[in-house]
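Since the structure of chain A is already known, use the hints to place chain B on it.
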Amino acid sequence: MKTDALIDSLARDAGPVRPLRSPLRRIWGWLAIALAFASAMVWAIGPRPDLAERVLEARFLLEQGAALATAITAAMAALALTMPDAARFWRWLPVVPAVAWLGTLGLGCLRDWAQMGPAGLRLTPDPECFVYIALIGSLPMLALVLMLRRGAPLRPSWTLALAALAAAALGNFALRLFHMQDAALMVLVWQVGAVALIAAIAALCGRAVLRWPGVPA
Amino acid sequence: MSPTSEGAPDSGRSERRHAALDSLMRAAQQGDRRAYHLLLQEVAQRMRRLIAARAPWLGQADIEDIVQDVLLSLHMARATWDPSRPFMPWIAAIARNRLTDHARRYKRRQAFDQAASDLAEVFSTTPGQSHAEGVVNLMSVRSAMAGLSPGERRAFELVRLRELSLAEAAQQSKTTVGAIKVAVHRASRKLKRAINTGGEESK
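Protein sequences, first through last, are from chains A and B. With the first letter of the first sequence counted as 1, position 101 gets the number 106 in the working numbering; the numbers rise by one all the way through. With the first letter of the second sequence counted as 1, position 192 gets the number 548 in the working numbering; the numbers rise by one all the way through.
Chain A extracted, bound-state conformation (with noise of 0.2 Å):
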């Protein structure tokens, strides 16, 4: 084809369109689908018998707190990624968050260490989290992904590991809402740990799900 002639067609059929508004707009449409799914999912499971609890417990406050910042932190920076002229400050956010989660993830082992001893840290298998992960992070990725085809896909494989972190750091905190499991290192390796693989795998996907028109995936 000419380019003269694809210039022709693109204009003819261009309509107007609205532009996208910045990530820090539409995040919080996303994170209403999202909380409201994750409590219905909360709710229809049953939440844990000692939240009343554990929602005094500055600890447990903390670590879910840095979930939620992670989760929403990663899907703003997911969005901006996939505005071509968007500040790359945005791309570094969920660092910080990510980074306390870890942290306070880690300090607990320390402590569950220094309380219980080598009880304090020990692991057993608990693989029904990451199912729980990926079940409740279904709906909102499914939304985000929706939202980020909207853009250009600049980096298609940091963006769509960015949604599914923050889609599953999402499906963790709703997770530790109904699943009583509070040893730091369990909740490291099989909920973070979860969250982890699942980026992982979104970020081989990226390019079959986001890409420009024309390129074969």
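Simulated from the structure, these hints should not be mistaken for laboratory data. Among the hints, erroneous ones may be present.
[Claimed, not checked] Just so you have them, the derived chain A footprint on chain B, three or more residues with Cβ under 8 Å:
no.: 1; stretch: 382-388
no.: 2; stretch: 394-400
no.: 3; stretch: 415-429
no.: 4; stretch: 443-452
From the three backbone atoms N, C-alpha and C, an ideal C-beta is built for every residue, glycine too.
Only chain B this time, still in chain A's reference frame:
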């Protein structure tokens, strides 16, 4: 709005031209097809010039392929432009992204083709050339290399042997793309001459 004539860039003028692009894109987002048509033509023109300057080894068809790809990408991403911000950095980010993708696909192949055709010119192209003949030719290339000026030798090494792009080679040797191109061309010619005469002497 016609394509610029090549000339000394006047910053005030280019700012005005950029502002004109901003308003074209703003109108395009609101559904003005004529403005969009003009904008696409302007972008195509600029991209064509940019690619031809950055990748002089690309053929006309390859350049048009990339230009069309950038236009399609602009079309797909046109909602991601924030009308309160300038158009140029936005389209530049898209173009850079598309060029990098293309470079990955084309550069190795093109550089390889070019190096192969140069080698075919430099070495004798008799089919069924034996290994021994290859070695002799390689040795004569080595000795022929000694006849090059340091600048020519460096340019030839960077571009033909290490397969850097002209722009990368120019950056490494702190000179211009044009100078590198000339040096490589001269080096190829000298080598060819040296090897041809060497070959005749050995016969």
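Hints versus structure:
1. Residues of the stretch 382-388 of chain B lying with their CB closer than 8 Å to a CB of chain A number 4, which satisfies the three-residue condition for coverage.
2. For the stretch 394-400 of chain B, the stated coverage by chain A is satisfied: 3 residues place a CB nearer than 8 Å to a CB of that chain, which reaches the threshold of 3.
3. With 7 residues having a beta carbon nearer than 8 Å to a beta carbon of chain A, the stretch 415-429 of chain B meets the requirement of three or more and the stated coverage holds.
4. With 5 residues having a beta carbon nearer than 8 Å to a beta carbon of chain A, the stretch 443-452 of chain B meets the requirement of three or more and the stated coverage holds.
Comparing the model with each numbered hint stated earlier shows that all of them hold.
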